[in-house]
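Protein chains: 2
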Amino acid sequence: MQYNYRNVTLRSGFWKQMEELNSKVTINAVYDRFYETGRIDAFKFEWKEGEEKQPHFFWDSDVAKWMEGAAYVLSREDRPDLEEKIESLIDDIEKNQCEDGYFNIYFTVVKPEARWSCRNWHELYCAGHLMEAACAYYDVTGRDRFLNIMEKYADYIEKVFVKEHSAAFTTPGHEEIELALYRMYKTTGKKKFFELCRFFLENRGLPDNTEEDILDSPYYAQNHLPIREQKEAFGHSVRAVYLYSGMADLALESGDEKLKEACIALFDNITQKKMYITGGIGSAYRGETFTVAYDLPNASAYAETCASIGLMFFAQRMMALDPENAAKYADAIELEMYNGMLSGVSLDGDKFFYENPLEIYLTDRHRLDMLNYSERWPITQRPKVFGCSCCPPNIVRLLSSLGNYMYSFDEKSGEVYINQFADSVYEKDGARVEVSTNYPYDSTLKIKTNVPVRVRIPEWCHGFGTNKEHTVKSSYACFEAGEFELKLTMNPELVASSVNVVRNLGKAALRYGPMIYCAEAVDNADGVHKLYLDPEKIADANISYSEELGREVIDCEGYLRVDEKTDKLYAPYSRKFEPRIVRLIPYHCFANRGESDMVVYLNVK
Amino acid sequence: MQYNYRNVTLRSGFWKQMEELNSKVTINAVYDRFYETGRIDAFKFEWKEGEEKQPHFFWDSDVAKWMEGAAYVLSREDRPDLEEKIESLIDDIEKNQCEDGYFNIYFTVVKPEARWSCRNWHELYCAGHLMEAACAYYDVTGRDRFLNIMEKYADYIEKVFVKEHSAAFTTPGHEEIELALYRMYKTTGKKKFFELCRFFLENRGLPDNTEEDILDSPYYAQNHLPIREQKEAFGHSVRAVYLYSGMADLALESGDEKLKEACIALFDNITQKKMYITGGIGSAYRGETFTVAYDLPNASAYAETCASIGLMFFAQRMMALDPENAAKYADAIELEMYNGMLSGVSLDGDKFFYENPLEIYLTDRHRLDMLNYSERWPITQRPKVFGCSCCPPNIVRLLSSLGNYMYSFDEKSGEVYINQFADSVYEKDGARVEVSTNYPYDSTLKIKTNVPVRVRIPEWCHGFGTNKEHTVKSSYACFEAGEFELKLTMNPELVASSVNVVRNLGKAALRYGPMIYCAEAVDNADGVHKLYLDPEKIADANISYSEELGREVIDCEGYLRVDEKTDKLYAPYSRKFEPRIVRLIPYHCFANRGESDMVVYLNVK
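Residue numbers (my numbering), protein chains in the order written: chain Y, -7 to 597; chain B, -7 to 597.
Just chain Y, same shape as in the assembly (with noise of 0.2 angstroms):
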């Protein structure tokens, strides 16, 4: 199962906007925080103790994010500028690129005496991300400037953690760098580099590696257990995806069913014990982690940007590794393209969000200013960047490679899955499948195709309709090569989490499509922490354009519920309602036209 953005042309529609959007705000935007920050300049190496914009220890990672991005783009555009920034860093890159190999700013400029001294410093984390951008690079490009300066960087690593066991540590404390090396074994053919990835990876949870534990946690890096006896998502979200998907890369690789095994139950886990409907993942502040099973609170929801984009990832490489279930994992993606991680970033481009929650009430807010204390909930606005600025290069680098979720290859049956929709065209060598659509405005898709290929039906759609002869296997309809149509039943529609999640009892989410939609009270004049939908009229919901979105909103008919008596704080229980015209919007839209209160889940009437 092959996939590679570069097969992918986006023609119009929400994701040719999407990746206009990013190549002509969001990466300008990226970059010129970075540069305001430091970030670009420490590069240089010239920063010395006592100066401003003291480099931190995972700057590295957070332009070697950028520049993945940018080569991207660059595959697609003629950006003089962006290929200027990049040359401009790997000379840099190269120029300060030690003589064993070694590459790292914070370690070289500010605290060289502590060069793998510490697992959870990030070290190699900023070596895998600088090692992806190398091979993005090295593949749009052709050159191989930067891919020979990390190849040497990832021997120096072998000689460290492999052969002399000189580092601090055996694993790295964030990984990144397992699936970066499957990368650079993929990228030059050197089984080196796999061997590599193995050796991280098989090296994970061993009972010896427990003293190097973070925070006192083995789970908080996935230090628990033998990856292969790894079955629930456990710690730091985003290290946990990573993890997941350079398991699913050596499980792919190797044919090791315990490890497919592995995979399979932690991406089901995580999506049916450890999500939120919007597909956020890792709820808890603390230690960004994963919790438990159906801890899922919506206020205080952590759900980082990146996490999101990690398990993209991770879902990716499962369909690679587990065909059968593809649509499965189609499903997380297309979930997290819409909303958990297109929340990450605003409506105009340049502003973030790195939590998600999925509930704003600002009375909590106003408590802890008026109290002078600080209790800790998520940022109610996008801000430009941040301390730790991961998620806005996480952006940037997907949001210019979205093609790579757009098609995939099965090389044994030759047949073409289509497995989100955009109006696009997938070329390779000869294949050739184009597919006309407004979606997810509208859910008619016009296929034109020279081989056979598959349209994934949605697990939020429950019917379809087509001009053309097909079987359906595992929630794909399968059409040999033609020309037809087929369109997917969509309709708003009510969802609610399992009786599981107590917090959510008696309450439910609007779904229409791909898109969970929320309220807020901008639009909403009495608040939306009141307000209740009825199930029986979500049929008759209209659908409009808004111009201030550029997106579809939906308007309900439902409640406010109110008091019998104003005056009391208690009083028999009662049923008072006055109706009301519910306005909801995409839930990634939330938070675009200042401070309001913002809820996911309304109450069911």
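Take the hints with a grain of salt, since some may be wrong.
Identical chains share a label here; the pair holds if one copy fits it or two copies do between them.
As the list claims (entries may be wrong) - Under the rule of at most 27 angstroms between Cα atoms (straight-line distance), these lysine-lysine pairs were calculated in the DSS-like manner:
1. Lys87 / Lys144
2. Lys250 / Lys560
3. Lys597 / Lys557
4. Lys557 / Lys320
5. Lys178 / Lys103
6. Lys568 / Lys87
7. Lys479 / Lys440
8. Lys440 / Lys223
9. Lys265 / Lys560
10. Lys155 / Lys40
11. Lys560 / Lys252
12. Lys465 / Lys560
13. Lys320 / Lys440
14. Lys343 / Lys16
15. Lys8 / Lys404
16. Lys529 / Lys597
17. Lys460 / Lys404
18. Lys376 / Lys45
19. Lys45 / Lys343
20. Lys183 / Lys404
What the hints contain is simulated information worked out from the structure, not anything from laboratory work.
On the provided structure of chain Y, position chain B as indicated by the hints.
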């Protein structure tokens, strides 16, 4: 409006049992724990630097409250053991009082250089509790040794704060001295103590005193405004209600209408905006504070036992200050007596809650344990003593002076108010009122009185019957002298909070007479969070006596909400219920049978 526990004799039933449990178990247990922790021996002033059991700056007050409670017991029982302990403590206090009149363990043996240096270090609070104990002991025994010591101390305080202004602060961080000085005035008849009381009250919140703000917030210790301008309850809830009690004393004594208005506004603000359905107040752990209106989270409810007791003190004074609305205040007292205050002590009398949450969900705890992070929740089981053990001796003094709350005497009309219901006799100056009842298990009151009486019709009661002529004034049924019966209509009923408490929408609590009920997992096989009550079936609830709890429990026909597909985290909204009998127990009985999930608010179908 006069009240005095010494005019009241409890004969049998609920409160007689509590009074006996207190004098047989609780008062001994609290003394023993205080002895073991060094609080008793600390009064010998023999602690030396480096030794264990270093006195804390609030230890004086812990023991003083115990002494006050013990004094009340002596009014009814021949208890040489308690008398000896009190006298021994007075010996120590007498011996260790400074020449100038000062008495404080911590600021003599631990940090003598810091006397009167820090507003938040409870010196005046400790002094106040010692004064209250001295007044109580004098009232009961007529012995004035302790009272004389405290008079000397009060004179010294006046010298430091009023004459010399030599302390680093003007008003106390933790209020208590105010109502203690008023009591000293009432006990000794010496006006100077009233003037000193007035001094501390009138100086609070003046612009000059803001430099002393605690935790950088003027709200924390009610220092944000002068007392007459305080209309909304803010800050540390125990401090707040002690202050408001002192304000009510001053308003009554001075006839100050503006101050009376402030007291009424504060009381209404607490009970109609910031009080749990159990009577708990002060919802936030951080600062143990009142927050904003309707911010009443259940699982993290702080709702300190001392704050419930303090609200009883405040309400009791408000009955005297605002007698036209006496029923409102007596309602609040009843709510605390059977719920918020009473949950502070275990059924066996020797274990205590400081915090009284309205929900326990052990999933949250599991999460913390596993991940080795310290998130903060109220504890789930009552321990025998706390590091800051203010609540246990507060329970002791409250349960040994219950008569204060049962009856009051209106000196203007000559009527006796029957405010709370217990099998008891009120006797004063020839007036004799006898109430025979098994309340709250039977809501019939048999009353025999030789003076006119008023019987409170509780707010929870929707009607009553009687065999005697009467009028109803301001929620009191008014009778002439005679012998008659009165039966309050009492049925289980669902009660909801205002829709502004958005977390409770769709939920309700069961109330039966004066008691709020809760559901514990130990009684309900499927846990308690997914249970639903049916408003139409509450009338048919089965009420029975539980030997295990020694209380009446209630079984309602209800439901368990279940998923259509148990393996799915998200699915189209459905309403699937299975019938269940839901067992409810009085809230104050929770956590007496091991750690268990608990809810006060249940879902309503």
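Status of each hint after checking the structure:
1. Lys87 / Lys144: Only inside one copy: Lys87 and Lys144 sit 14 angstroms apart there, 81 angstroms across copies, limit 27 angstroms.
2. Lys250 / Lys560: Close across copies (24 angstroms), not inside one copy (61 angstroms); limit 27 angstroms.
3. Lys597 / Lys557: both (20 angstroms within a copy, 22 angstroms between copies)
4. Lys557 / Lys320: Close across copies (17 angstroms), not inside one copy (50 angstroms); limit 27 angstroms.
5. Lys178 / Lys103: neither (33 angstroms within a copy, 70 angstroms between copies)
6. Lys568 / Lys87: neither (72 angstroms within a copy, 66 angstroms between copies)
7. Lys479 / Lys440: For Lys479 and Lys440, only the intra-copy Cα distance (14 angstroms) is at most 27 angstroms; the inter-copy one is 83 angstroms.
8. Lys440 / Lys223: neither (41 angstroms within a copy, 72 angstroms between copies)
9. Lys265 / Lys560: between (40 angstroms within a copy, 8 angstroms between copies)
10. Lys155 / Lys40: Intra 34 angstroms, inter 59 angstroms, cutoff 27 angstroms: neither.
11. Lys560 / Lys252: between (59 angstroms within a copy, 22 angstroms between copies)
12. Lys465 / Lys560: between (59 angstroms within a copy, 21 angstroms between copies)
13. Lys320 / Lys440: Answer is within: at 25 angstroms inside a copy they meet the 27 angstroms cutoff, but 77 angstroms across does not.
14. Lys343 / Lys16: within (14 angstroms within a copy, 66 angstroms between copies)
15. Lys8 / Lys404: neither (30 angstroms within a copy, 84 angstroms between copies)
16. Lys529 / Lys597: Classified as both; 11 angstroms inside a copy, 19 angstroms across copies.
17. Lys460 / Lys404: Within one copy, since 24 angstroms is at most 27 angstroms while 95 angstroms is not.
18. Lys376 / Lys45: within (17 angstroms within a copy, 53 angstroms between copies)
19. Lys45 / Lys343: Classified as within: same-chain Cα gap 21 angstroms, cross-chain 55 angstroms, threshold 27 angstroms.
20. Lys183 / Lys404: within (24 angstroms within a copy, 100 angstroms between copies)
Against the hints set out earlier in the document, violations occur for numbers 5, 6, 8, 10, 15.
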